[in-house]
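Student: Residues per chain, in single letters:
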Amino acid sequence: MRNSVVLIGRGPLFWEVKDFLTDYHFRVVTPDELSSEIRAVIDVETGVDEVKKHTLVQVESRIPSGVPVFTSALHRTATEIASWLKHPERVAGFSPLLLSEMTTVEISRPFQADDENVWNQCLLFWKELGKQVEVVGDEPGLVFPRILSLLVNEAAFALSEGIASAEDIDLAMKLGTNFPSGPLEWADEIGLDQIVAILSGLHREMGDDGYRPAPLLRKMVYAGYLGQASGRGFYRYDRK
Amino acid sequence: MGLGIAEVLAVAGYQVQVAELSPEIFERAVDGLRKRLVRQAEKGRFTLEFADTVISRIQPVYQLDELKTADVIIEAAVERLEIKKDIFAKLDAVTSPDAVLATNTSSLSVTSIAAATKHPRRVLGLHFFNPAPRMPLVEVVLGAETDSELAEAVFGWMKQLGKKPVKVADSPGFLVNRVARPFHLEAYRIIGEGLASKEQTDRILRAAGFKMGPFELQDLIGIDINFAASVSVYEGFFQDPRFRPHRLQQAMVERGALGRKTGKGHYNYEK
Ligand SMILES: NC(=O)c1ccc[n+]([C@@H]2O[C@H](COP(=O)([O-])OP(=O)(O)OC[C@H]3O[C@@H](n4cnc5c(N)ncnc54)[C@H](O)[C@@H]3O)[C@@H](O)[C@H]2O)c1
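The listed protein sequences derive, respectively, from chains A and B. For the first sequence, this note's numbering gives the first residue as 1, with consecutive numbering after it. For the second sequence, this note's numbering gives the first residue as 1, with consecutive numbering after it.
Please note that a few of the clues may not be correct.
[Said to hold, decoys possible] Now the in silico label distances, taken between C-beta atoms and shown as ranges: (1) B:Leu81 / A:Asp23: 54 to 60 Å; (2) A:Arg236 / B:Ser96: 16 to 22 Å; (3) A:Pro180 / B:Met1: 23 to 29 Å; (4) A:Arg27 / B:Leu220: 53 to 59 Å; (5) A:Arg218 / B:Arg134: 48 to 54 Å; (6) A:Ser100 / B:Gln17: 52 to 58 Å; (7) B:Arg247 / A:Asp19: 39 to 45 Å; (8) B:Gln239 / A:Ser35: 55 to 61 Å; (9) A:Ser160 / B:Met212: 28 to 34 Å; (10) B:Asp71 / A:Glu189: 40 to 46 Å; (11) A:His203 / B:Phe50: 54 to 60 Å; (12) B:Gln239 / A:Arg236: 44 to 50 Å.
[Stated by the list, open to error] Derived lysine to aspartate or glutamate pairs resembling EDC-like cross-links, with alpha carbons at most 16 Å apart: (13) B:Lys167 / B:Asp147; (14) B:Lys90 / B:Glu66; (15) B:Lys167 / A:Glu161; (16) B:Lys68 / B:Asp92; (17) B:Lys167 / A:Glu60; (18) A:Lys18 / A:Glu101; (19) A:Lys86 / A:Glu60; (20) B:Lys167 / B:Glu149; (21) B:Lys164 / A:Glu167.
None of these hints come from the bench; they were simulated from the model. All of these numbers come straight from a predicted model, not from anything done at the bench. Every residue, glycine too, gets a C-beta built ideally from N, C-alpha and C.
Chain A with its partners taken away, still in its complex shape (with noise of 0.2 Å):
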């Protein structure tokens, strides 16, 4: 079946990225239900510890060399990603970061994508999809994601420091520059792990301590203080 898409990932960002393509009449399989009939990988995984690249290359291992890979590229470069493989020629970077409410994807080409009509055929699944394409370059986070992080980073540098309450920080950005949403609670929905995923992966690939993680972020992933997912973030939740 060309309709099915092979889902890698974890959390929260993996049932909004299923539901996303379930909308769009997808079926969606796990590695593990793998079929040789596949229209497209899709990898959510920030790829912070090896879980990422052991089951990219699992799954590579079991689909044709022309079906189009599409990596989160918060953490690593997607050049860095597709240099795992034996076919990185089809391996492309993206966000899935509000990846329902956007009506843009943004797309990071790696050094090995450099076939123009494999390209193509890899970008043709987005547009299908209803989606505007943004290719960008291949540095962590693409542009979103990346500003959006150094902003929360920013937020929790100035919150630990007792600046500000939290309320008062997400207050204050929404009134004083008309941001859509406080940074403090719009890390709560995106999830900490994955901000302080794209600070680290910049602050790797970088050199420049610009983009050292505050302190406070690391320890709220370490404590399991990730957001809305988990209950608790920069504020409370309801369980539901």
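Assemble the complex: chain A is given as a structure, and chain B with the ligand must be docked to it using the hints.
Tutor: Using the frame of chain A, we list chain B with the ligand on its own:
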């Protein structure tokens, strides 16, 4: 900015004295205010009579010692530390020590301005956003010596005026100017590294929910203003790399491409 704050207070019913350097400057500013109020009255927001009343509540003075009976003084003079320190030292000397002395500075240290007075406990920041009558946010900035009860009282007063105040500890950029830095600086880094174009960056951020992307927003704010804010926060944090300004930002300023006000900035506005 000063007259915008005066408008907020006069609309709320207060008698406001405005200390200006000369009648010419004051009259020019009041003419502007009168036109704005008349336009709003014509739109039916209030009567022309109310507009007149508001104007009549705003009276100019040209010597700081004429402010000696004021309960609250909000300073919105030019953004220069020596000038503000000088103003605060004079106000400290002529007013009762119970009067509240506030500064509308957007980038200078409230603590340092307060240090020019003998009563730093009654000095705080009241950072309005431009235009003050329309922007509800006010950062109530507590300097190192600011009395917290006094700050609480001023906070409550701002709420009564219909503002949305937030309490902020004195630190470079206070809250909004600091936390918004990455929105601009990271956008410059992204284009500087050749990862995306300005148009693309703006499009992506709009798609993510921002009303404006960073480059179109800077054109509105003024690229020089935005650059000055970047430099000031960067220096304030002793050059922490998080706040490092970008060479492309400076290049825009050097070219005189400052945004809408000069007809060209990141985008072209010339007709
Ligand atoms: N413009 C903004 O968007 C904005 C926003 C928030 C805060 N602020 C702050 O408000 C203050 C004023 O900003 P602005 O943009 O209205 O500046 P401005 O330079 O346009 O106006 C300053 C006014 O203060 C008058 N003034 C009165 N007494 C003075 C004295 N003793 N010495 C010098 N000038 C004196 C000047 O004549 C001038 O009309 C600054 O501290 C600024 O940081 C401005």
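Student: Give a verdict on every hint.
Tutor: Here's how the hints hold up against the structure:
1. Look at leucine 81 (chain B) against aspartate 23 (chain A): about 57 Å separates their beta carbons, and that is inside 54 to 60 Å.
2. A C-beta distance of roughly 46 Å is found between arginine 236 (chain A) and serine 96 (chain B), which places it outside the suggested range of 16 to 22 Å.
3. Proline 180 (chain A) and methionine 1 (chain B) have their C-beta atoms about 26 Å apart, which keeps the hinted 23 to 29 Å range intact.
4. Remark: the range hint 53 to 59 Å for arginine 27 (chain A) to leucine 220 (chain B) is contradicted by a beta-carbon distance near 47 Å.
5. Arginine 218 (chain A) and arginine 134 (chain B) have their C-beta atoms about 40 Å apart, which leaves the hinted 48 to 54 Å range violated.
6. For the pair serine 100 (chain A) and glutamine 17 (chain B), the beta carbons lie near 56 Å from each other, so the given range of 52 to 58 Å is met.
7. As the Cβ distance of arginine 247 (chain B) to aspartate 19 (chain A) is approximately 44 Å, the hint placing it in 39 to 45 Å holds.
8. Evaluation of the 55 to 61 Å hint for glutamine 239 (chain B) and serine 35 (chain A) yields a pass: the beta carbon distance comes to about 56 Å.
9. Checked against the given bound of 28 to 34 Å, the beta carbons of serine 160 (chain A) and methionine 212 (chain B), roughly 29 Å apart, stay inside it.
10. Range check, aspartate 71 (chain B) to glutamate 189 (chain A): about 44 Å between beta-carbon atoms, so the 40 to 46 Å window is met.
11. Between histidine 203 (chain A) and phenylalanine 50 (chain B) the beta carbon distance is about 56 Å. The supplied range of 54 to 60 Å therefore holds.
12. At roughly 37 Å, the beta carbons of glutamine 239 (chain B) and arginine 236 (chain A) sit outside the given window of 44 to 50 Å.
13. A C-alpha spacing of about 13 Å is found between lysine 167 (chain B) and aspartate 147 (chain B), which places the hinted pair at or below 16 Å, so the restraint holds.
14. Proposed proximity of lysine 90 (chain B) and glutamate 66 (chain B) is supported: the alpha carbons are some 11 Å apart, at most 16 Å.
15. Pair hint lysine 167 (chain B) plus glutamate 161 (chain A) holds up; C-alpha atoms about 14 Å apart against a cutoff of 16 Å.
16. Between lysine 68 (chain B) and aspartate 92 (chain B), the direct Cα distance comes to roughly 9 Å. Compliance with the 16 Å bound is thereby established for this hinted pair.
17. Proximity of lysine 167 (chain B) to glutamate 60 (chain A) is assessed by CA-CA distance (about 54 Å); at most 16 Å being required, the pair is judged violated.
18. A distance of roughly 14 Å separates the Cα atoms of lysine 18 (chain A) and glutamate 101 (chain A); the hinted pair therefore holds under the 16 Å criterion.
19. For the given pair, lysine 86 (chain A) sits about 8 Å from glutamate 60 (chain A) by alpha-carbon distance, which is consistent with the 16 Å threshold.
20. For the hint pairing lysine 167 (chain B) with glutamate 149 (chain B), the CA-to-CA distance comes to about 12 Å; that is within 16 Å, so the pair holds.
21. Of the supplied pair hints, the one linking lysine 164 (chain B) and glutamate 167 (chain A) holds, its CA atoms being roughly 12 Å apart against a limit of 16 Å.
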